[in-house]
Amino acid sequence: MDFGFKKEESELIEEVREFIEQKITSELVEETHQLGAIYGGAEAREFIKKLGARGWLTPAWPRDYGGLDSSEMVTYIIRDEMAYAGLPLYFVAAYNAGPMILRDGSEEMKREFLPPIARGEIEFALGYTEPQAGSDLAALNIRAEDRGDHFLLNGQKMFNTSTHVADYHWLAARTNFDGPKHKGISLMVVDLKSPGITIRPLITMAGWRTNEVYYDDVVVPKKNMMGEKNRGFYYLMGALDFERMFAPSAYKRLFEEIVDYARETVFNGRPLSKDPLIRQKLAQMAIELEVSKLLYYQLAYILDREKIPNYQASMEKMFATEVAQRICNTGMEVLGLYGQLKKGDPRAPLAGKLEFFYRSSVVETIYAGTSEIQRNIIAERGLGLPRG
Amino acid sequence: MQKEVWAFQGDNRMDYDLNEEQQILRDSARSFLAKQCPGTFVREMAEDEKGYTSELWRKMVELGWMGILFPEQYGGYEGSFLDLAVLLYEMGYVCLPGPYFSTVVHGGITLLEAGSEIQKGEILPKVASGEEILTLAWTESGGSYAPQEISLKADLHHDHYVLTGTKLFVPDAHVAGKIICVARTQEPAGDYEEGVSLFIVERENPGLTVHVHSTLAGDKQCEVEFNQVQVPGENLLGELHMGWPVLQKVLQKASVAKCAQMIGGGQRAIDLTVPYLKEREQFGRPVGSFQAVKHHCANILTLLDTSKFMTFQAAWRISEGLSFEKEASMCKAWVSDSYRQLVALAHQVMGGIGFMEEHDLQLYFKQAKTSELAFGDARFHRELVAQQLGL
Chain A
11 MDFGFKKEES
21 ELIEEVREFI
31 EQKITSELVE
41 ETHQLGAIYG
51 GAEAREFIKK
61 LGARGWLTPA
71 WPRDYGGLDS
81 SEMVTYIIRD
91 EMAYAGLPLY
101 FVAAYNAGPM
111 ILRDGSEEMK
121 REFLPPIARG
131 EIEFALGYTE
141 PQAGSDLAAL
151 NIRAEDRGDH
161 FLLNGQKMFN
171 TSTHVADYHW
181 LAARTNFDGP
191 KHKGISLMVV
201 DLKSPGITIR
211 PLITMAGWRT
221 NEVYYDDVVV
231 PKKNMMGEKN
241 RGFYYLMGAL
251 DFERMFAPSA
261 YKRLFEEIVD
271 YARETVFNGR
281 PLSKDPLIRQ
291 KLAQMAIELE
301 VSKLLYYQLA
311 YILDREKIPN
321 YQASMEKMFA
331 TEVAQRICNT
341 GMEVLGLYGQ
351 LKKGDPRAPL
361 AGKLEFFYRS
371 SVVETIYAGT
381 SEIQRNIIAE
391 RGLGLPRG
Chain B
2 MQKEVWAFQG
12 DNRMDYDLNE
22 EQQILRDSAR
32 SFLAKQCPGT
42 FVREMAEDEK
52 GYTSELWRKM
62 VELGWMGILF
72 PEQYGGYEGS
82 FLDLAVLLYE
92 MGYVCLPGPY
102 FSTVVHGGIT
112 LLEAGSEIQK
122 GEILPKVASG
132 EEILTLAWTE
142 SGGSYAPQEI
152 SLKADLHHDH
162 YVLTGTKLFV
172 PDAHVAGKII
182 CVARTQEPAG
192 DYEEGVSLFI
202 VERENPGLTV
212 HVHSTLAGDK
222 QCEVEFNQVQ
232 VPGENLLGEL
242 HMGWPVLQKV
252 LQKASVAKCA
262 QMIGGGQRAI
272 DLTVPYLKER
282 EQFGRPVGSF
292 QAVKHHCANI
302 LTLLDTSKFM
312 TFQAAWRISE
322 GLSFEKEASM
332 CKAWVSDSYR
342 QLVALAHQVM
352 GGIGFMEEHD
362 LQLYFKQAKT
372 SELAFGDARF
382 HRELVAQQLG
392 L
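Chains as they are written, first to last, in this note's numbering: chain A, 11 to 398; chain B, 2 to 392.
If we strip away everything but chain A, and leave its shape as in the complex, we get (with noise of 0.2 Å):
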């Protein structure tokens, strides 16, 4: 067994650190804090470049496609710095898109799509849920009739961050209307300028806009479709247990302003850092964190030696995102009354980010699998549970 890092992974966290140190401005965390995502911004666009220049977006592709055909490890490494830093790396075109047209994308749709994404020239949007089809994915509806040379899209999509600023919609659509649910699904590639396709806004409690997605006959040339045609829904499984994953160290940061503050912070003539009620909670908190630690490299681990996991990447996933709200949760009673404070007011501690985190960390329990759907996955694939 061994828990450190290898020599070069070592040296590229420092590297890392220190271009983080170099190329992130106030701005750009700003921006992203307001966005609730690091694109769509003039600062994020200009700040995505300069990492995909390193191949830091895609470390792990081949050199062919621009990556720099490393480990999992490394990305996995970029990615828990960079949230640390306060900037999540969760870009579609490069998580989820890209590793799929990688996988089972035609040579063309590689050579078109991969080289740009890597180079943050690019991004992707995805198109998945709709209001009937959420955890129950298969249930999606959206239409694409096949006509040819072309597919015509007629629909709705719901809850698609950022396709009002990305430049595709990475879209799962009904290309089979007879026949089981999960056999009629085709992905695609959609220019998010298609005439036909209208966003409007959905405002989430976090302040972030997310977007609803209507389709009216829409044009998509066929060779976006991404593989075969009605595979789309094991295409879509096979990437969620490569790309679930989510990076610990976003609350690590937040969690660390929390034991400052504790420290720094006195009542009833001692600081409360020495309430023993607080350094139990702290301290649990601190555990948890290295727990995720440990689930969240385990995943690199699996990756690297070219298996894939499953039932682990909904259990880091799953972990991880409890935490993160235990942690928004335990800082609010160190907090107290003043835990409630927004950014912009004087009074308001860490400056207002706790308030923000508390709200925000509502939804990461939810998206991407809800911790009761990954629960399942845990129960059948971990430990071979009959499906219900």
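Just so you know, the hints here were simulated from the structure itself, not pulled from any lab data.
Heads up, a few of these hints could be off.
Every beta carbon over 12 Å from chain B, so not counted as near; a handful from chain A, in silico [stated by the list, open to error]:
1. F13
2. A148
3. L360
Label-pair restraints from in silico Cβ distances [to be verified]:
4. A/P286 x B/G234: 39 to 49 Å
5. A/K33 x B/E150: 14 to 24 Å
6. B/L323 x A/Y377: 34 to 44 Å
7. B/L323 x A/R73: 27 to 37 Å
8. A/K16 x B/P72: 50 to 60 Å
9. B/L323 x A/D201: 44 to 54 Å
10. B/G322 x A/D74: 42 to 52 Å
11. B/L323 x A/R357: 36 to 46 Å
12. A/A361 x B/A35: 54 to 64 Å
13. B/G322 x A/A361: 51 to 61 Å
14. A/K16 x B/M357: 45 to 55 Å
15. A/F277 x B/G191: 19 to 29 Å
With a cut-off of at most 30 Å between alpha-carbon atoms, the simulated DSS-like pairs for lysine-lysine come out as follows [what the hints assert, rightly or not]:
16. B/K327 x A/K303
17. A/K284 x B/K370
18. A/K317 x B/K279
19. A/K363 x B/K327
None of the values given here were measured: they were computed from a predicted structure.
We put the CB at the ideal spot given by N, CA and C, even for glycine.
Let chain A serve as the given structure and place chain B on it in line with the hints.
Just chain B now, with coordinates in the frame of chain A:
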């Protein structure tokens, strides 16, 4: 059966797997203990006065298990701490009764940490050959591992010390040949960590009486009364008044060793439960197909996998000679809570049959609580973590 999490072949990168020798050790220990230590044996030993059999002890000696951690010069096999963890995992898997842990971990590790060449040369080979059983007498009436609770006194009289006081929860003292006793050699002047010393005491010593507690799990923990027990000066273990730093290390290492046993027990709880959930039907379908049951099971597997990683990370750090204080306390805190919760959930999904004395699951319920309390529970170790965080 659930595939155990270290099923991937490792190389020299970050590695969550056992190496080849460790896999062999695990497999041979698994099949040996499955034969030698069925649930009936565990129950028998809980009732037995000694709590172990010489016959099984002998066989374990022949397998080299007593000396797994000791240097060759003392008749050991110079295994790593990780090797020990692998072995303890298997012992936890079958709830192995007897004084192995107290001899090799309590006694062995304390001697390795603090013993002089003479002391190690005299005692460790006898442990390796199975002739000597050891233990460590630490806790007193306060029921805590904290330095404030050490009040058993050791007074110097010319060339020997006189020990007076009472130790509680001393594992296997009733069968030990030697008891390492934690004593106060100096009245505390503010700092309780100062003035603590360790002594090697023969159990046959006049003035020493042992009474076995009646415990939840039927393991043998003892009250040991020291009434003017005379101990020769050369039996001082480590430096005078400087016992506490030694004990801190022993506590952390023993905690990780205890966790290795606990995760073995956790694996067994899953192996006892999950196959049953696939077969047992209610409402015309396997109970394991109900989502409420599945979610309990998902939590069980999460508690186990995370406990394994925390334990093996800490054991790895000890093996590699890296700092391990924070990781060891994090590990004991996490595994203490997790193992208890895991077995409680296993009972919940097992239903009534798991509550029967004849079902082995109850052995693990008991082992979970006993192990949680040993070397400090989660609350105790969270406080140590808080200190490590600079709080």
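These are the hints, each one checked on the structure:
no.	hint	verdict
1	F13	5 Å, violated
2	A148	18 Å, holds
3	L360	17 Å, holds
4	A/P286 x B/G234: 39 to 49 Å	41 Å, holds
5	A/K33 x B/E150: 14 to 24 Å	54 Å, violated
6	B/L323 x A/Y377: 34 to 44 Å	37 Å, holds
7	B/L323 x A/R73: 27 to 37 Å	35 Å, holds
8	A/K16 x B/P72: 50 to 60 Å	30 Å, violated
9	B/L323 x A/D201: 44 to 54 Å	53 Å, holds
10	B/G322 x A/D74: 42 to 52 Å	43 Å, holds
11	B/L323 x A/R357: 36 to 46 Å	43 Å, holds
12	A/A361 x B/A35: 54 to 64 Å	59 Å, holds
13	B/G322 x A/A361: 51 to 61 Å	42 Å, violated
14	A/K16 x B/M357: 45 to 55 Å	51 Å, holds
15	A/F277 x B/G191: 19 to 29 Å	26 Å, holds
16	B/K327 x A/K303	15 Å, holds
17	A/K284 x B/K370	29 Å, holds
18	A/K317 x B/K279	27 Å, holds
19	A/K363 x B/K327	28 Å, holds
Of the hints listed earlier, those the structure fails to meet are numbers 1, 5, 8, 13, in rising order.
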